[in-house]
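Let's have the full structure, built from the sequences with the hints guiding it.
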Amino acid sequence: MSALEQLMELPQYSLEAPRKQDLLLEGLNELTGHHRRACAAYDRILKVMGWEKSPASSLAGVPYLPVSLFKTNRLLSVAPDQVFKELTSSGTTSQQVSRIYLDRETARLQALALSRIMTHVLGPHRLPMIIVDSDALFQDRASFSARAAGVLGMMNFGRDHFFALDQDMNLKLEELRDVLARHGQAPFLIFGFTFMVWRYLLGPLTDLDIDLSQGVLIHSGGWKKLAEEAVDNQEFKARLRQVTGLRRVYNFYGMVEQVGSVFLEGEDGYLFAPNFAEVIIRDPRTWQEAPPGRPGVIQVLSLLPRSYPGHSLLTADLGVLHGQDDAPCGRRGRYFSVLGRVASAELRGCSDVHAYGAGA
Amino acid sequence: MQVRTLLPDQGLRDLEEILSELTSLVRQFPLRPFDTLVMQFCAELSSRLLSHPKARRRPEIAALAYWMRRSQIKRLHERFQAWNRDDVRWFPRGLVFHLPPSNVDTIFLYSWVPAALAGNRNLLRLSSRCSETVTLLLEVLAEMLARPEYTGLEGLICCVGFGHDPQITAAITERCDLRVVWGGDHTVAELRRIPLPPLARELVFPDRFSFTAIGADEYLEADQEAQERVAEDFWNDAYWFDQMACSSPRLIIWRGSAPAAARASEQFFGRLHQVILARGYSVDTGLALDKISLAHRAALDQPLDSVRCWGNEIMVLNLARLVDIRADRVGGGVFHQFVCADLHEILDFVQRRDQTLTYFGLGHVELEKLVAGLNGRGIDRLVPIGQALQFHDYWDGQDLLHEMLRAVYAPGIARPGVCGHSGAGPGGG
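Chains A and B, in that order, are what the protein sequence lines are.
Using our numbering, read the first sequence as starting at 1 and increasing by one per residue.
Using our numbering, read the second sequence as starting at 1 and increasing by one per residue.
These are computed hints drawn from the structure, not numbers from a lab.
Every value quoted in this text rests on a predicted model; they were computed, and no experiment measured them.
Ideal placement from N, C-alpha and C gives every residue a C-beta, glycine not left out.
Hints may contain errors.
Claimed, not checked - Okay, the calculated beta carbon distance ranges per label pair:
| id | chain 1 | residue 1 | chain 2 | residue 2 | range |
| --- | --- | --- | --- | --- | --- |
| 1 | B | A170 | A | N156 | 53 to 59 angstroms |
| 2 | A | D135 | B | I194 | 42 to 48 angstroms |
| 3 | A | G340 | B | Q167 | 35 to 41 angstroms |
| 4 | A | Q288 | B | Q167 | 52 to 58 angstroms |
| 5 | B | A189 | A | G340 | 33 to 39 angstroms |
| 6 | B | D324 | A | K225 | 39 to 45 angstroms |
| 7 | A | Q288 | B | A258 | 28 to 34 angstroms |
| 8 | B | E78 | A | Q288 | 58 to 64 angstroms |
| 9 | A | C329 | B | R321 | 24 to 30 angstroms |
| 10 | A | D43 | B | Q274 | 32 to 38 angstroms |
| 11 | B | D348 | A | E228 | 25 to 31 angstroms |
Written out as structure tokens, the structure reads:
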């Protein structure tokens, strides 16, 4: 069995960090070599940036790329005709989006990885599912957004899917009551983007008598918008519990640029890497590994990206490592928190840094 | 329509009223170029800023104040006097409309000073959100304008704050004689969509590119003190405004052999890094990540041999061939580097948008050859390292003072002070 297969099969979050990292290192070095051979652009980058040719002796020595590179350059480790799926990140029209190319095998592994992670908290059976979004999400096939892709991926873990919002983002309250009448007495799955759950589900349910206590909520999407309303993870969970009785709430952190890297929250509120991925926090002043407790830039590593050189990436997110193998919830491995996006650079200059027409 | 006024008073006023006032001042109360009162005002502004407890501590205000000091005003006056001949006289253009960039606070005064000295009345559009520096400058100006000895200078400097409003911009453009635009290619293009009246002119300052050329052997032969000075001077040139000013050097050309250049470069950046550490300059995480991203893009899109860093503050991208690397820019200390045996190798690279070449260790014959070879098709100024950001009335290939004036040709007028004959033609009359 390959390192990857082993790591997929073992129960998630069961490996002590040192052992896991040994297995990962072998696989990551193999991937570095593979991408050097298969992707001329990757090889060129490593050469120009001065990365050592010999295999890394620790995870921290594995070469990494900045995630932004996938917005500006096409990076492929398979022939173009092998590309089975193209993933894009969400982005406004003024921003470029990241483009990730998957072959059949990587796409299969991605689906498998997500399944291994989610079934850890959902159990092996598909649960009745409430989606905090509108099915209008899928109507525009031309621009299949990252949000739609996220929902579609999660729908594999549910059945009798119910889209709880209409196309104007209003809660379909009566239909929700029906769904809960049918499925609400046994475990069911709720999925949505963090801000949408807060604004379009919890908001309308306040002061109503809706019971979601059997539900398992999985959500993602970042806390930026909620931070504007002074709502953090603790407040989010407390209110959900208070208003709906919902107790099992799992946030996850992930990114389109590294498939399979879904860092799911434990019952203690910390984030954990699955067996086949790992996280490193780097001190932005020296780019060396930061010790637990010191915030830094998040780097993510994964054994999945084979069709594109995305196995070791420096994100634009800040995070902090809390410890390893001793998390309160009992999961093994490193555990961390995401602190938010790195603030974009504030620059001065006499040209179009603040271009005419872009604001006073 | 109403606009917010920032100088001389703060409030809300009807734009049409302001424009009528200004145009009637131009017609009925003309200011002569280098009017004594105007010169006095500028000189006093300079010394007030240099002694103002808050203002003088801001290096960009200190630099501005120093640039407009009395002796410099006198120099400009002397230049002007040389232009006035028997048959040609120079006068202000009338009303000048200035649109400075919103993020380099002191620029609005660099075009205002020559415009005011030339006798123009001036309307400046400032951002409605004033930075601390601008607020400070406006305070000093307002206080001076309110004093009785400066009556008669109404309209010399009138500042309004508005967002990017095409209607307001058009209304002012319609009445101006000269429009001065700072701000980059995009801004210039947007403003050019608001056409000038037929008799008005425009001065624009769009995107520029600047770089440095150093003689490798000359640098290696320089003593420690000289090398340290070069490092200090280059630090000043490159890191002010986070390397985002139009004159900030973004490329270093070593003229010499490859081994000499390699040694010189190593020493140069080593010393520069020392200066940076001593000054406590650091790039924030966002900028550090932007630089890393740029390096990766460049590795793929440009003919780079290698990337070398000194902390987060210095990133050097070594070019195997000198290609156009101007477009991708993030600031904060990113330098392309190239070695050539002779400066004529860079002639092809130079473009119209190249503004400032700073240098060290180059001979004057070599520089002359370069300037001649370029024949004006790029590089508007060549100055020693350390002077990149020093504003000068010759800017972007234009003589600013000259642009603020218009010529009247009248061979029949006698020189002032000579009585009697008019029509002094060849051979006298």
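Among all the numbered hints in the text so far, which are the ones the structure does not match?
9, 11
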